[in-house]
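Visitor: This is what each chain is made of:
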Amino acid sequence: MYRITKAEKLAENIYLMDVEAKRVAKACEPGQFVIVRMDEAGERIPLTICDYDREKGTVTIVFQVVGAATELMRHLKTGDAFQDFVGPLGCPSELIHEDKAVLKQKKILFVAGGLGTAPVYPQVKWLHEQGIAADVIVGAKTKDLLIMEKEMEAVSGNLYVTTDDGSYGRSGMVTKVIEDLIESEGRQYDLCVAIGPMIMMKFVCLTTKKYDLPTIVSMNPIMVDGTGMCGACRLTVDGEVKFACVDGPEFDGHKVDFDQAMKRQQMYKTKEGRDFLKAKEGDTHHGGCGNCAS
Amino acid sequence: MTTDVLKKVPVREQDAKQRAANFEEVCLGYDKEEAMCEATRCINCKNAQCIKGCPVAINIPGFIEKVKEGDIAAAYQVISEASALPAVCGRVCPQESQCEGKCIRGIKGEPVSIGKLERFVADWARENGIKPDGAKEKKGKKVAVIGSGPAGLTCAGDLAKMGYEVTIFEALHEPGGVLVYGIPEFRLPKEAVVAKEIENVKSLGVKIETNVVVGKSVTIDELMEEEGFDAVFIGSGAGLPKFMGIPGEQALGVFSANEYLTRSNLMKAFDESSNTPIMHGKKVAVVGGGNVAMDAARTALRLGAEVHIVYRRSEEELPARVEEVHHAKEEGIIFDLLTNPTEILADENGWVSGIKCVRMELGEPDASGRRRPVVIEGSEFTMEVDTVIMSLGTSPNPLISSTTKGLEVNKYKCIVAEEEFGATTKEGVYAGGDAVTGAATVILAMGAGKAAAKGIDEYLSSK
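Protein chains in written order, with our numbering: chain A, 1 to 294; chain B, 1 to 463.
Treat the hints as calculated values from the structure; they're not laboratory data.
Keep in mind that this is a model prediction, so the values were computed, not measured.
From the three backbone atoms N, C-alpha and C, an ideal C-beta is built for every residue, glycine too.
Please note: incorrect hints may appear among the correct ones.
Said to hold, decoys possible - Partial list, derived from the structure: chain A residues whose beta carbon lies under 7 Å from chain B:
id: 1; residue: V65
id: 2; residue: A68
id: 3; residue: G228
id: 4; residue: K263
id: 5; residue: M267
As the list claims (entries may be wrong) - Taking lysine-lysine and the BS3-like style, the derived pairs with C-alpha atoms no more than 30 Å apart in a straight line are:
id: 6; chain 1: A; residue 1: K263; chain 2: B; residue 2: K356
id: 7; chain 1: B; residue 1: K139; chain 2: A; residue 2: K22
id: 8; chain 1: A; residue 1: K104; chain 2: A; residue 2: K176
id: 9; chain 1: A; residue 1: K56; chain 2: B; residue 2: K139
id: 10; chain 1: A; residue 1: K26; chain 2: B; residue 2: K202
id: 11; chain 1: B; residue 1: K7; chain 2: B; residue 2: K102
id: 12; chain 1: B; residue 1: K242; chain 2: A; residue 2: K263
id: 13; chain 1: B; residue 1: K242; chain 2: B; residue 2: K202
id: 14; chain 1: B; residue 1: K52; chain 2: B; residue 2: K32
Stated by the list, open to error - Non-contacting residues of chain B with respect to chain A, defined by C-beta distances greater than 10 Å in every case (computed):
id: 15; residue: D4
id: 16; residue: I51
id: 17; residue: G62
id: 18; residue: Q77
id: 19; residue: G109
id: 20; residue: K131
id: 21; residue: D133
id: 22; residue: K139
id: 23; residue: K202
id: 24; residue: V212
id: 25; residue: E249
id: 26; residue: E259
id: 27; residue: K268
id: 28; residue: E364
id: 29; residue: E427
id: 30; residue: K463
Build the full structure now, drawing on both the sequences and the hints.
Guide: Here it is, written out as structure tokens:
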């Protein structure tokens, strides 16, 4: 069992937890993820690593309530435990393998959308620890859904917060901020790292392509085992089939087939996908869709 | 009980119609009377060929002799000297091409039903609480075993019996490997059989740590240098599922057999109380002809679908066990043989709507010795399906080979291991099973685990 040492609500439907997992805390690097399972009947849920404390042996996860499993998970409190917590999975961010001197010369822009703020944080923090200040755009639908602003401020160079409805910070989508920064505020970047909902990453990539700005994205498709065995997380990158869990989760965003990836993500992950599956199955629907089962 | 000595004592099975709608075990096995009767058919050959056909060299006439006498406990001890997983092997080994394939009885009639006898003995021992004998003395050395599938469990069990301190590291949340995520409940019950066999291995002193992905959570070098393991056995299994590379494979409703089976078996998606979803197709095409294809097809059938096996060669070349093909047919699986998919069609929402195929005929034998399937010109047709399950085998997972210094892989990315004892190119590290051979069978993996245990014992004894 993996004990929860801290459980906190960050925003409506968004929760943060510190979990004791010594092996994961020792081995993980920015960019990697874990899979958790709450109990015996639980789904395996992939979650990005938001932070880690190698000495305490804890890993910080942040999740949003999107379905039956995360709805149950949000009720976990300090002192409770996860049945399973495995990782780190996937490849670390390429940044950490780059030559430090080269990296220091680079102007890096991070673009975090919604829950994507959580996996962006350890990368920016890691760069900060190397003495590199990266600019960060954090976008949220509205002020109340903004997370980790203070933490991000402490480790980033310039932090630009924007809300879709203009209730806080700048107003509008993250893509607008990218355009403003580059076109009217004289900022120049050598690399962009965008993490958030697939639709956001798609439009960030369309935007950065205009400026020939290389862009890394972190994909979050459906997964089962997370070790390469099932192939559920496959996606097309530059015309080739890749497995997000072993080849990724980070890919060259300009080469990812987002439309296909978004379609594949619908299958069980969203209410629409699940309802559609139910309608499609008709008489042969026996539950197990995650909606009517539990 | 009287019997035709040329024929096996028939084994009871769940009726085909009934079982096609449930996940309970198909074969019901022998009872003691039936087993003792079947045992009398063994003529106890001096130079027993059946033992040579067994990858773990069970003393087959030896245990059958004990069954004949009605001393099942003694029969169990004979088997467990050689095999850590008899209840599993009795169910999933391809006996017709191994022990039973060599049986002298098989020349004139049917061979002795060795598999069913093994299964009976193992089940009886479990029901009567008999455990395998453990080590008499400890060696004071530690061995790490990576993967808790058939290779890992066998290697760990053998090493523990020799007195080594063994820890198995398993990536998934449950031990058992393919026995748990791959082979379905109706062929190999998880709670009643697999979990109990694993308990037996643990009762020998083997520790199992789940949720450890070696290569990610910890490396082999760290296990040896920081955690004090004197030797390592890699039995990490086959890995990444293959796809055909045809258009439409990313459509919704296309699964690898691994994904489909893992959802159903490991995550229990067939059970309504599980939170893990699985698609219940109405008409399913399973592409491939191996045991995994049969398992996926029979699972889809039980979830309510009309199921077609689509295989590019003919029945004769089907790589699946004869018994699995026979069971699949009995249950109503439709075999579209000499048929090969060329494209998967999707509807406007991206869901599978059909599969385009061509008819094949058999030409000259290829490198595998099997006649090569050749496309019949102009034979293209479309089959309406809503689900496609690709069961084309797997390619090795690079997680371990790419993170271990000095571990060589071959051109197929399989770990290079010397055949006799499984030694790899890295000192103290042994490997066996699908990680070395590519996808094969449970018993071959067990044979490799057993050989590596011998190799590791020799290595550590001489150190």
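Visitor: Taking the hints in turn, state whether each one holds.
Guide: Status of the hints after comparison with the structure:
Proximity of A/V65 to chain B is violated relative to the hint, the smallest CB-CB distance being about 14 Å (cut-off 7 Å). A distance limit of 7 Å between C-beta atoms decides the matter here; for A/A68 the minimum to chain B is near 6 Å, and the interface restraint holds. Because the beta carbon of A/G228 sits about 5 Å from the nearest beta carbon in chain B, less than 7 Å, this interface hint is met. Restraint check, A/K263 versus chain B: the minimum CB separation of about 4 Å is within 7 Å; hint holds.
Of the supplied interface hints, the one on A/M267 holds, with its beta-carbon coming within about 5 Å of a beta-carbon of chain B, less than 7 Å. Proximity of A/K263 to B/K356 is assessed by CA-CA distance (about 22 Å); at most 30 Å being required, the pair is judged to hold. For the hint pairing B/K139 with A/K22, the CA-to-CA distance comes to about 29 Å; that is within 30 Å, so the pair holds. Restraint check for A/K104 and A/K176: satisfied, since their Cα atoms lie roughly 27 Å apart, inside the 30 Å limit.
Restraint check for A/K56 and B/K139: not satisfied, since their Cα atoms lie roughly 34 Å apart, outside the 30 Å limit. Restraint check: the Cα-Cα separation between A/K26 and B/K202 comes to about 28 Å, which is no more than 30 Å; the hinted pair holds. With a C-alpha separation of about 16 Å, the suggested pairing of B/K7 with B/K102 holds against the 30 Å cut-off. Between B/K242 and A/K263 the CA atoms are separated by roughly 21 Å; this keeps the pair inside 30 Å, and the hint holds.
In summary, the hint linking B/K242 to B/K202 is not supported, as the alpha carbons are separated by about 34 Å, beyond the 30 Å threshold. Between B/K52 and B/K32 the CA atoms are separated by roughly 27 Å; this keeps the pair inside 30 Å, and the hint holds. For B/D4, the shortest C-beta to C-beta distance to chain A comes to about 44 Å, beyond the 10 Å cut-off, and the non-interface label holds. B/I51, annotated as away from the interface, keeps every beta carbon of chain A farther than 10 Å; the closest lies near 34 Å.
Every Cβ of chain A is farther than 10 Å from the Cβ of B/G62; the closest lies at roughly 38 Å, confirming the non-interface assignment. For B/Q77, the non-interface assignment is confirmed: its Cβ lies about 34 Å from the closest Cβ of chain A, beyond the 10 Å cut-off. Every CB of chain A is more than 10 Å from the CB of B/G109 (nearest about 42 Å), matching its label as outside the interface. Non-interface status of B/K131 relative to chain A is upheld: no Cβ of that chain comes within 10 Å, the nearest being about 26 Å off.
In this structure B/D133 is separated from chain A by more than 10 Å, as the shortest Cβ-Cβ distance comes to about 32 Å. Once the 10 Å rule is applied to beta carbons, B/K139 is consistent with being away from chain A; the minimum gap is 26 Å. For B/K202, the condition that its CB be more than 10 Å from all CB atoms of chain A holds, with the nearest at approximately 18 Å. The Cβ of B/V212 sits about 6 Å from the closest Cβ of chain A, inside the 10 Å cut-off, so the non-interface label is violated.
The beta carbon of B/E249 is not kept farther than 10 Å from every beta carbon of chain A, the shortest such distance being approximately 8 Å. At the 10 Å boundary, the C-beta of B/E259 falls inside the reach of chain A, the nearest C-beta of that chain being 4 Å off. Distance to chain A contradicts B/K268 as a non-interface residue, since its nearest Cβ pair spans about 8 Å, not more than 10 Å. With a cut of 10 Å on Cβ distances, B/E364 stays outside the contact zone with chain A, its closest approach being about 31 Å.
A cut-off of 10 Å between C-beta atoms confirms that B/E427 is not in contact with chain A; the least separation is 24 Å. In this structure B/K463 is separated from chain A by more than 10 Å, as the shortest Cβ-Cβ distance comes to about 28 Å.
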